[in-house]
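Work the whole structure out from these sequences, hints included.
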Amino acid sequence: MIKYVIIGNSAAAIGAVEGIRQVDKKGEITIISNESHHTYSRPLISYLLLGKTDEQRMKYRPDDFYEKNNCKTLFSKTVTNIDSKKKTVTLDDNTSISYDKLLVSTGSSPFVPPMDGLDSVKNKFSFMTLDEAKALDSALTSDSKVLIVGAGLIGLKCAEGIHAKVANITVIDLAPNILSSILDTQGSAIVQKHLESKGVVFKLGDSVQKFTEKTALLKSGGTIDFDVLVLAVGVRPNTQLVKDAGGEVNRGIVINERMETSIPDIYSAGDCTEGMDISIGQNRILALLPNAYMQGECAGKNMAGEACVFDKAIPMNAIGFFGLHIITAGTYDGEVYEDLHDGYKKLFYKDDLLKGYILIENIKKAGIYTSLIREKTPLSTIDFTLICENPGLMAFGREVREEKLGGLKR
Amino acid sequence: MKRVYVNEKWCLGCHLCEYNCAFANSDETDMARALKDIKIHPNIQVEENNGIYFAVSCRHCDEPLCVKGCITGALTINDGVITIDKNKCIGCYTCILSCPFGAVAPSEEGVVQKCELCMKTHDGIPKCVQGCPNAAIVFEER
Ligand SMILES: Cc1cc2nc3c(=O)[nH]c(=O)nc-3n(C[C@H](O)[C@H](O)[C@H](O)COP(=O)(O)OP(=O)(O)OC[C@H]3O[C@@H](n4cnc5c(N)ncnc54)[C@H](O)[C@@H]3O)c2cc1C
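The listed protein sequences correspond, in order, to chains A and B. For the first sequence, the numbering used here begins at 1 and goes up steadily by one. For the second sequence, the numbering used here begins at 1001 and goes up steadily by one.
Note that these hints are calculated values from the structure, not bench results. Hints should not be assumed to be uniformly reliable.
List of simulated lysine to aspartate or glutamate pairs, EDC-like, C-alpha gap at most 20 Å [unchecked claim]:
no.	chain 1	residue 1	chain 2	residue 2
1	A	K3	A	D265
2	A	K404	B	E1108
3	A	K404	B	E1047
4	B	K1039	A	D342
5	A	K404	B	E1008
6	A	K409	B	E1108
7	B	K1002	A	E402
8	A	K68	B	D1079
9	B	K1086	A	D63
10	B	K1002	A	E403
11	A	K346	A	E335
12	A	K350	A	D333
13	A	K404	A	D383
14	A	K404	B	E1048
15	A	K404	B	E1063
16	A	K404	B	E1140
17	B	K1036	B	E1108
18	A	K52	B	E1109
19	A	K243	A	D92
20	A	K72	A	D54
21	A	K409	B	E1141
22	A	K214	A	D143
The structure is reproduced here in structure tokens:
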């Protein structure tokens, strides 16, 4: 019987359990997490504060998940060391657990750059975990003046989540545009305007030079008074365990398309890794939940002995703020098709391939565009003009539709 | 497993499948009352262009990207049928981003809706197939 040990209890870890159990119903699975909760959907922490979900509904899998999948759980325990020779992991209570196959799905941690005076701020929070979200929530009152450092996905989801509970929110970012990792300048201006219309104040292209307990002195010279500070500057993959064990690590843990690290019998999946982004043909960190799950599932299958390859990773995001929906994927490289009448649509294509897209507001059937990127469909084989205007299966040839809709296998 | 398959050359583009779907997913017992004066949001949709018609609904994929990518766990596979727990869904639309068929859509309440082969509402043959006058969609094992 194979002994599987999984570090982490989030999307990648759950994917691995489901991957293992597709192949091996008997092996012993132990899940170790330094969080104390049943597996939950991390992205839902902002919806929890918003009141759109609750702790029961935000569980990523049902209450009986561990029981049904016959998993042993060790919560509130941190893995401090991997011994790849003895094939054991050590926990913070000094117990050690042996493994045959190990998955490192440790995710990422908030990255806080050194900032002058930050220590003097008492009411400061990150926004990555359920516990942090609850701690932030309990510090908020209807008089709270909140300063969020970072206008990326996490900072802005936090803003949306707490907006109705506080007096005002200011978001500051060094970048001149919000959501700069997923939007172009024009798209980000639309979303910014929408957030501003809800009362969120932005200070962009600016940074905090110095904090006192309740003020931020800005580089541009102004000051912002606040009583709650949220730090959402960025995240860093949790790579230390693998690094210490002698595994190859760049910015993230290096894995191949079978999710193997450079150390035998140690696999890795999710936000802690660096995998191939096929839309640019380079390795990079893709900190996204679908990617984490699919990598995890692939790792699980391989750990259980069924050969599996996951080589379809691309950056992709579906996110909304106050009812304004955004879907993006791929990279924004090449020629551009744009339609700014019904929402905001930009498609980027090059070398007969769709490379990326941005949709704001009208997001219908976006997955058809995603599949063109993922499958590297040559644009010359479809009616590209039609699909630009209207994503649908109409743009494909009849034979392709017979496969897709008629169940014909070729 | 039985699924809804499309015989494109038989499709008349009559859109009856859309109406039957909307009716099947309404709480009404009378079709006229269910559909009167409303814009329907069916889970099966006819694509049409230049005299070509065909109906698209969820394929209930064996390896469903929507389920794998669902950030909340609201989309699950039950006996092969991909179902949505509207109580868990928060309408992030990651499934819309993921589905290569365009078969998942926002509902009026904001969460997503999709074809569940009439499993929650009816037993047996999905209403879209039952009402198709030309066997352009069929419910079979292939
Ligand atoms: C506010 C917010 C909103 C988001 N919104 C979206 C979204 O809309 N769409 C999307 O695709 N993604 C979103 N993300 C990103 C998404 O949450 C991650 O991509 C996903 O959770 C990654 O899963 P993972 O399993 O790789 O890692 P994680 O979810 O980070 O889980 C790793 C787990 O391992 C534990 N761990 C780490 N080290 C150890 C150790 N040494 N010992 C024991 N346990 C350890 C951690 O505590 C953690 O519980 C969001 C993230 C945040 C914070």
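We went through each hint and held it up to the structure:
no. : hint               : in the structure
1   : A:K3 to A:D265     : holds (11 Å)
2   : A:K404 to B:E1108  : violated (28 Å)
3   : A:K404 to B:E1047  : holds (14 Å)
4   : B:K1039 to A:D342  : holds (19 Å)
5   : A:K404 to B:E1008  : holds (11 Å)
6   : A:K409 to B:E1108  : violated (36 Å)
7   : B:K1002 to A:E402  : holds (17 Å)
8   : A:K68 to B:D1079   : holds (16 Å)
9   : B:K1086 to A:D63   : holds (18 Å)
10  : B:K1002 to A:E403  : holds (16 Å)
11  : A:K346 to A:E335   : holds (10 Å)
12  : A:K350 to A:D333   : holds (7 Å)
13  : A:K404 to A:D383   : holds (16 Å)
14  : A:K404 to B:E1048  : holds (16 Å)
15  : A:K404 to B:E1063  : holds (14 Å)
16  : A:K404 to B:E1140  : holds (15 Å)
17  : B:K1036 to B:E1108 : holds (17 Å)
18  : A:K52 to B:E1109   : holds (12 Å)
19  : A:K243 to A:D92    : holds (18 Å)
20  : A:K72 to A:D54     : violated (25 Å)
21  : A:K409 to B:E1141  : holds (13 Å)
22  : A:K214 to A:D143   : holds (14 Å)
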